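There are 6 protein chains.
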Amino acid sequence: MKIFANEIKENDDVDSLFLVKDKVSGVTKNGNPYLKLKLGDRLGEIEGRIWNSVDLFIEAFQKEDFVSVKGKAVSYQDHLQLNIGYIKKVDEETLSLSDFFPVTEKDVDQMVRALIEISQEVKEPHLSQLLHLFWEDPSFLERFKIAPASKQLHHAYLGGLLEHTLSVAQLVLKNVDHYKGLNLDLLVVGAILHDLGKVYELSYHRAFDYSDEGRLLGHIILGIEMLEAKINQLADFPKDLSTLVKHLLLSHHGQYIWGSHKKPMILEAVILHHLDDMDAKVSGIQQFLRTKVPEGSRWSSYHPLLDQSFYVPSPKQEEEQSNIIEES
Amino acid sequence: MKIFANEIKENDDVDSLFLVKDKVSGVTKNGNPYLKLKLGDRLGEIEGRIWNSVDLFIEAFQKEDFVSVKGKAVSYQDHLQLNIGYIKKVDEETLSLSDFFPVTEKDVDQMVRALIEISQEVKEPHLSQLLHLFWEDPSFLERFKIAPASKQLHHAYLGGLLEHTLSVAQLVLKNVDHYKGLNLDLLVVGAILHDLGKVYELSYHRAFDYSDEGRLLGHIILGIEMLEAKINQLADFPKDLSTLVKHLLLSHHGQYIWGSHKKPMILEAVILHHLDDMDAKVSGIQQFLRTKVPEGSRWSSYHPLLDQSFYVPSPKQEEEQSNIIEES
Amino acid sequence: MKIFANEIKENDDVDSLFLVKDKVSGVTKNGNPYLKLKLGDRLGEIEGRIWNSVDLFIEAFQKEDFVSVKGKAVSYQDHLQLNIGYIKKVDEETLSLSDFFPVTEKDVDQMVRALIEISQEVKEPHLSQLLHLFWEDPSFLERFKIAPASKQLHHAYLGGLLEHTLSVAQLVLKNVDHYKGLNLDLLVVGAILHDLGKVYELSYHRAFDYSDEGRLLGHIILGIEMLEAKINQLADFPKDLSTLVKHLLLSHHGQYIWGSHKKPMILEAVILHHLDDMDAKVSGIQQFLRTKVPEGSRWSSYHPLLDQSFYVPSPKQEEEQSNIIEES
Amino acid sequence: MKIFANEIKENDDVDSLFLVKDKVSGVTKNGNPYLKLKLGDRLGEIEGRIWNSVDLFIEAFQKEDFVSVKGKAVSYQDHLQLNIGYIKKVDEETLSLSDFFPVTEKDVDQMVRALIEISQEVKEPHLSQLLHLFWEDPSFLERFKIAPASKQLHHAYLGGLLEHTLSVAQLVLKNVDHYKGLNLDLLVVGAILHDLGKVYELSYHRAFDYSDEGRLLGHIILGIEMLEAKINQLADFPKDLSTLVKHLLLSHHGQYIWGSHKKPMILEAVILHHLDDMDAKVSGIQQFLRTKVPEGSRWSSYHPLLDQSFYVPSPKQEEEQSNIIEES
Amino acid sequence: MKIFANEIKENDDVDSLFLVKDKVSGVTKNGNPYLKLKLGDRLGEIEGRIWNSVDLFIEAFQKEDFVSVKGKAVSYQDHLQLNIGYIKKVDEETLSLSDFFPVTEKDVDQMVRALIEISQEVKEPHLSQLLHLFWEDPSFLERFKIAPASKQLHHAYLGGLLEHTLSVAQLVLKNVDHYKGLNLDLLVVGAILHDLGKVYELSYHRAFDYSDEGRLLGHIILGIEMLEAKINQLADFPKDLSTLVKHLLLSHHGQYIWGSHKKPMILEAVILHHLDDMDAKVSGIQQFLRTKVPEGSRWSSYHPLLDQSFYVPSPKQEEEQSNIIEES
Amino acid sequence: MKIFANEIKENDDVDSLFLVKDKVSGVTKNGNPYLKLKLGDRLGEIEGRIWNSVDLFIEAFQKEDFVSVKGKAVSYQDHLQLNIGYIKKVDEETLSLSDFFPVTEKDVDQMVRALIEISQEVKEPHLSQLLHLFWEDPSFLERFKIAPASKQLHHAYLGGLLEHTLSVAQLVLKNVDHYKGLNLDLLVVGAILHDLGKVYELSYHRAFDYSDEGRLLGHIILGIEMLEAKINQLADFPKDLSTLVKHLLLSHHGQYIWGSHKKPMILEAVILHHLDDMDAKVSGIQQFLRTKVPEGSRWSSYHPLLDQSFYVPSPKQEEEQSNIIEES
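Chains as they are written, first to last, in this note's numbering: chain A, 1 to 328; chain B, 1 to 328; chain C, 1 to 328; chain D, 1 to 328; chain E, 1 to 328; chain F, 1 to 328.
The shape of chain A in the complex, shown without the other chains (with noise of 0.2 Å):
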C-alpha cells in the first residue's frame, strides 16, 4: 500500500512507490560516495540517502522514474531523511498516476460518455463523422482521458482536459440558443476540439511539463495538425467547412497578446472564446481558493499570473441570508 511522502514521521520504516524527483550523487567527507534522492508522490516529497552499495544502484534507476524504496526515517539537522537500503525501478503500468499526480474528482468514463452524446447533437454529417473518428481512436482517447488542462493554471491536474473539455461543451449548450442564427453543429465540434493538441503539448507521465513539441510548437499547432490528419481520412470533407473548424482553434484564445494566432471572425468563435475564457479563469480560480486562502483570511494570497487576490465572502453570512447554487 502506498505510503505517502507527508505521512512519514521519524523512526518509520518505510517500504512504498516514489517518483525520483532529483537525483545528484556526492561523497562524504571520509570519501565515500552516496546518492542524494528528492522522492515525491501527490502529497509530498522527502529527501532519500543511499549511503551503501551506491555502485549497485546508482544505474539502477534514473531521474523521473517510479521506484520502489525500502529504508527509515531519521532526523537530520531537523529534516526528516529516508536512509534508504533498498531501491528499484517499477514499471509505469503497475502503479495507479493518482498516487503521484492530482487527478480529477470526476468519473472519467462517465465524463466521456457524456462528451459523446453532446456529439449526437451534431446533424452536420461531415462534422459528426469527424467527431467520431476522434472517439473511435483509441489511442487518443488514452491519452485524452488523462492529460491535464495546463501545467498550472486551470484544470492542471489528470483528467483536467477532458473535463474542461466537457464544461465548455455543456456551456456551449446552455447559451447557443440564447442568440438567433447560431451554428450549433460548429460551436459544439470547436468546443469538443479547442484544446485538442493539449494532449501532446504537455507531458504529463513523469510530471507535468511541457512536451519539445509542445514549446517549440503549440497546443494550437498540434491541434490543427491532429484535426488534418482526421479530415484527411474522410472523403470528401469541404474545404469551407474544414477552414472554419480550423478557425475556431486557431481563434479560441480571443487577442494576440492571449496567444491566439487569429481574432475570431465568425460569431461562433467569439463565443466559443468567452466561454472557454469563463470556464478556464472560473475553474482555475477555484482551484486556486481551495489552498490558497489563509485561514481565517478572507483574502486569498496573491495570484501570480492573474496580478491581484481574491476575496471570499464569508460563507456563513451567506448561508444564513442568500441561496448558495448546488452545482447542477
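Any given hint could turn out to be false.
[Unchecked claim] Simulated crosslink set (EDC-like; lysine to aspartate or glutamate; CA at most 16 Å straight-line):
1. Lys174(D) with Asp177(C)
2. Lys29(B) with Glu10(D)
3. Lys63(C) with Asp91(C)
[Stated by the list, open to error] Which stretches of chain E does chain F cover? Using the computed rule of at least three CB atoms under 8 Å from a CB of chain F, they are:
4. 167-175
5. 256-266
6. 272-279
Hints were generated in silico from the structure; no laboratory data involved. This structure is a prediction, so every number in the text was calculated from the model and none was measured. Here a beta-carbon is modelled for each residue, glycine too, at the ideal position from N, C-alpha and C.
Since the structure of chain A is already known, use the hints to place chains B, C, D, E and F on it.
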C-alpha cells in the same frame, strides 16, 4: 403621418415632423438672409432651406428641436433639398420617439415584466428589497425603458439598455448552476444593476450622445450613486453586502484598460464580467453585420473599434447541412 | 517606558509593550506545547517564545493585538529570542501608536489648522460650507489626523495623509495665480478632498494594509461616497458644482493606466493631477532616499515600483558651490 | 499696409504682401500656361492665379517666398480667387513676421529681461557663467526670441519658446522652497536651458516645421551640443556639474514613451519634468480651448493628441459664485 | 496593343483591355438605364459609361472581370470619362497580367533557378528531398512564381514573394558562416519555406487582397499545412526534424505582437527572423521611397504603418564624395 | 602564480591575488574585532576572515581593491573560509586583469588591425579622417581594447566591445552589396562608431558596472560627445554629414521602447540597426547557452531578459545528418 427623409422624391409636397440636426443662417448673393437646415429622422436626412420670412422663423426653433415642416422637394446641384414654406416647433410629448431614433424590436413592457420576474429569484431580503425600490420608482423606470445601452457599440437604440440588461440576467440564470457555490442573489442583482448609470450617462431624447454628467463622471459612478441613494432608503442594509454589490458594478468591465474601476475580486464578479462582455460583443457584432456586409460579400467592412472584419459563412450552404438555432 | 525591539541585547530583562505580528503554536521534541511569537514595534522585531503555562496564555491574545510582555533575552543559534514569562493584552487606547508605527515629523494639529485656514480662501458659499462640514465632523477628523497616505509608496506613516493633503493645498496656492482664469475655489476644494477616501481605504491601527472596503472599492469611490453624504446635508448644493468636485476626485490620477477613473477634463483637474503627482513622487523619493542609499554610495538601491535608481549628488561639493534651499 | 487674406472680398483691388504656400503651373484648355498659387498670412489663405506674362513671373519667386502682389479678387465657382497682375519676391528683412505667423501676446524684450534677472539667482559660479554665455550670444538670442516651443502642441507661435521657458523658470522659483534640500542653481539652469535645442529643431521663418537636423537628431541632442559648446568655452567647468546639467536636459520628458532619453534620476530632474509638463499641458489646452469650443457648447471638439475633449464650465455661473484668478 | 488608362486624352478613340474595378447600374433623369464602370490597369483608372444597349451588356461581364472595351473619351465636369460603345469579357489566359498589376523587375525563371541552386546546399537528405518535392510540384510552382509577398507593405507586386524568398535565402548564405555552429541546412530550408503559405493567403489574379482562407487562417498556418502535406509524402521524415522546420515557420515574425505564433527558440530561428525582417523592411522602404518622396524634397511623405517619414540624403552630394554600392 | 578561488580546498595554504568584493568589520562574542571579506577572481569567490592584527590591516585596503593574500583554508559550518594572516593592496598595473574578469577569446590586437583595415574601405575623405582620429588616439584605443559591450546581456567580457564592433562591421561588409544604392562609407562608419560611448558608460576595472556618467547620460550621448569632439578637430567637416553620422548613433537601437533616441530615418540606419541587433542577440544567446543548458537537457534555463528558454537540438543527431558551419 410621418414621411421619412429617405422617402422624399423630387417635386414632392412634404408635410411632416423632423428633428433639426443643424441650423445655420446665411446670406444670398443678393444680400437676403436665409436659413440652411439639416432635417432628420430615423431613416435619413434631408437638406432644408428657408428663403422667405426668415425673420419670422429664425427664433421659432433651435437645433435639436422637433419641428413640423411644410415644403416642396427640389433638386439643386444633384442634391435633393426641401424649400420650406412653414415650420414650427412641436412638443416632444406629442410625437413618437421611435420615428426619430432606432428602437428595440422587442416589447418593452414584456421585457420589464421578465426582469421583475427574474428579481423574484433573489431570496436575500435586503437585496430583494433593493431591486423592488428600483421597480417601484417610476421616474427611474421611465428612463430605464427607453435608454440605449451605448452611443454606438452595442444595443445602440431606444430600449437597448433594457434589452441588454434582461439578456445578461437571463445568461446569469442559464449559467449560474454550472459552477458550485455561486451566490445566485448577488449574480442576479449584479446583472440587473450593472449598467444602471447609463440611464443618466447618455442623453437620448434628441441625439445619442453623452450627457455632461456622463462624460465627467461616467456610468459606473452614476450607477454607484443611484445605488447608494436606494440603499440609504433601506433601514439596515448590511455594510458588507452593499460593498459587494458596489464591487460588482465597479468591476464589471473586467480590466483597467477596458475602463474597469476594479478587477473582479469575487467569483460572481468574474462571471458577471464574462457574460456581460459576451452579450455586448455578440449583440454589437450582430447589429454591425445587419448593415455592414456589402451585398454579395461574405466579409463585413472594417469594424474600427474592434480593429477587424467579420466573416459570414454562406447561409444557404449551412441551411442545408447544419442545424441553425432559432432564438429561444 | 517603551523598550524598542532593536535595543534589546542578550541577557536583558525586558518589560515592555509590543504588537503581536505573528503567533504560532508548536510542540517541542518532548511533546510539550509552546508558543512562537513575532513581536514588533516601530523600530524592529524580535522573536518570542512561551515555554511555560502555555494553556494559560494561548487564548489571552491574538495576532495583531498589543501586548504587555515580561521576559528575558537569550541567544539561540545566533539569534536573539525573548523567553516570555508573562504576557497580557493591552488596550489600544492606553498606548501611543507612534511607538509602533512610523509617524509624521510635523505637528498634526498645526497642519489641521493650516488646512482650515486655507479653506477660508474658498469664497463660493456651497463649497465653503462643504469644507466646513468635514472640519466639523469629529469622527472624520480623528481618522484624517492619523491616516497614512499610502501603504508604502509615499507618506507611508501616521499623519501622512494630512501632511500630503496640506502639501498639495499649499502647492495649489503657490501656483494658482500663474495661469489666467483658473477657479481657485475648485482647486482648493479639490486639493483638500482629493484623497479623502484613504481615511477608509487603509487600515492602520495594527498594520498598514488595505481594508476590505479599500480593496473592493478603492479610495476614490470611498471618497465619492463621503463627499456625496456631506453634499446631501447641504440644502441646495448645485448639481453642476457637485459634478465638478466629483470629477476632480475621479480624475486626479491623470490616466487610466495610473488608476484614474476619468481623464482630467477641466483645467483645474489637469493642474490638480500634476501637483498631486509631483508631491507624491518627490515625497516618496525623499522618503526612499532616507534609508536606501548605502553608505559611501551616491546611488540609491533599486526602486522596484519606479523601476530605477536615484542619484544623490555629493552634498559636500554642492554646499560649497551652490545655494541649497531650506524648506520654507 | 497689410491686407489679410481673410479680409478680401469679391471685386477688391488687392495690393499686399503674402507668403507663397503653394505654386503649381498648369495649362488652360486653350493651351495657355498659367500659375496657380496659394497665398497665405497669419489670418488666412486665398487662391491666386496668374494668367498673363507667366513666363515673366514663373522664375521670379518660389514656394515659401514672401511676395508683393497686386491683383483683383473675383469669384469662381463659389470660391474667391485673386487674379494677379503683378508679383515680385520681397526680402524677409523688410517685413514683419508677425503678419504671417501667430506671435506671442507678451513683450519679448521684457520676457528676456525677466529671464536674465532670474539667472541672477544662480550662485554657483560655473553655472552662472554658463547662463551668461548664452545671454551674451547675439545669434542665439535672436533665434531664442522668435522660436516657437512646438509645431502644434503648445506655445506654437513666434516667441512661444521664450514664453514657455520663462514660465517654467517662474514655476521653479515658486515651488523650489516647498521641498527641503533642493539645489536652486541646478533647477534654474535646468529650467532655462531645458528646451534650448528647439531653437534649431524647428524652422519657423517660412512655416512651422521641423528642420532636417531637428528631425534627424531632435531638440534634446541639439541642446546637448549647444550646451557642450558653451561649456567648452569655460576654463574649468567641473565634469560632475556638466553631467548633471546634461542629465536635466536628457530627462525632462520624464519617461521613455514620452521621448525622454533618460528617466529623471535626481530630485531636481523629477521636479523640472513635472513643472515643464504641467506648463506645456496647461498652455497647450488653453491655446486649444481658444479656438476649439463651438459657440454655445461647453465641450471642446476632440483633441487628437490627448485623445479626449475638454469641458469649460459656464463662466457666467462661476463669475457669480467663485473667485476666478487673474494671472499674476 | 494595350492603351493604359493614364495615357487616354480627351477625344481619343479607345480600343483596349481593362479590369472592371467597379460596376454600378443607374437610371438617368430621363428614366433610361445606364452602367457606370471603373476601369483600371497597372498605371491608372478611368470612369466608363454605357448609355446604349445596356440590357445587352449588363450580364456580359461582372466586377473584377477583364474586358475588351471600345469607346470614346469625353470630358464631363472636368473629369475624363469613357463612353463605351462595345464591351465584352475576355479570358484571363489571353492577356498579360503584368499589364494590370505591378510586377517584379527581375527575371522570374532566373530567380527560380537561383533558388533551386541554393537548395543544393542542403546536405541532410530528408530536408533536401523536402525542397525537391516543392520544386517538382508544378501547381505550387505556378503560383509561387507570381504571388506577391504582401498586399501592400513590401514586395507588393507579382513575383514579389519569389523575389523576397530568394533575397532571404541569399542573405542566409552571406551570413551563415559569420557565427559558429549554425545548421546551414535548417537555415536554407527555413529561408526558402518561411513564407510558403502566402501562395494561398493572398488572391492576386484580380486584385491584391486576402483570400478567405488567408484571412481566417493566415499564411503561417497555410504554410504549415502545405509543409505537412509534403512531409507526409516522404517515407521516414524524422519527427524532430519536422518539428524544427515547423518551428522556423511559426517563429519567423519574431514576437507575438508582430504576429509570430512562437518566439524563436533555436539560434537558426533567431537569425532567420532578423534577416527576413531586414529584407522586408529595406525592400518595403525602397519601394515606398520610389513614389513617396515629393520632388525637390529630401523627406518622404508619412509612412502610416511604420509611423514615420524617411530621409533621402542628396544623391548628388554623395555621388561626389562617397562610394555608393551597385547591387551585386 | 594565480590560484583561483574555485581551486582552493580545505587545509590549503594560499598565497595569491584577489579582488576584494566585500569588506565588513565585526566583533566576536568575546568582543574582539575581526574583518569579514569576500575575495573573488574570474572563476569564483571565497569568504575571508582576518582575526588577528585587525587594526593593522583595516585601513590597508578597501572594497574593490586588488590585494595580495596569505592564509589557510578551513572549513566552518560546511563552508570553506580563508583565515588570513597577511594582506596588502597591490597595484592594478602589476597584475593581469584577465585573471579577474572574463575576457574575449580572440586576439585583441588582431581585431584592432582588422577594424583599421575595414576603415580603409571608407572613401569619403572627411569620414575617413574621422576614423583615423579615433585610431590615432591612444587613450581611446586603450579603453576600446578592453571595454565590455554590456554589463550582462551580450559580449559581457573584457574586449567584448571591440569584438562586437568588429563583428558588426564585418556583417556590414557582407551585406552592403545585397541592396542597391547604399552608402558604404556611412554604413562602415556607423558600424565602427555605433557603441563608442560604451567606453565610458561602463566601468570595468574593478567590476562590470555602469559609471555615474553612464547611468546619468547613457552610452549614446557619451558617444555623440566623443564624436563631436573629434569632428571639431577636423577643419571643414560638412554639417550634413555629421548630422547623418550622429543620426546613425542615435537610432541604432531601432525603436523608442528599446532605448533608441530616434527611429532610423535613412536606409543605412535601418540596416545598421538590424545587423547590430542580430549580432547582440546571437552572441548574447550563444554566451547564455554556454553555461545555462543543464547537462542532459536540450532546453536552457529561463532567460529573464528575453523572457523565454532556448532549445539546443541534439548535436549528435545533427552531426550525422547536417552540415554544421565552422565559423569563417
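We went through each hint and held it up to the structure:
Of the pairs offered as hints, the one joining Lys174(D) and Asp177(C) holds, with about 11 Å between alpha carbons and a cut-off of 16 Å not exceeded. A hinted pair counts as satisfied when its Cα atoms are at most 16 Å apart, and Lys29(B) with Glu10(D) qualifies at roughly 11 Å. Proximity of Lys63(C) to Asp91(C) is assessed by CA-CA distance (about 14 Å); at most 16 Å being required, the pair is judged to hold. Remark: the segment 167-175 of chain E is confirmed as covered by chain F, as 5 of its residues place a Cβ nearer than 8 Å to a Cβ of that chain, reaching the required three.
With a threshold of 8 Å between beta carbons, the proposed coverage of the segment 256-266 of chain E by chain F holds, since 3 of its residues qualify and at least three are required. A stretch counts as covered by a chain when three or more of its residues have a beta carbon under 8 Å from one of that chain; for the segment 272-279 of chain E and chain F the count is 4, and the coverage holds.
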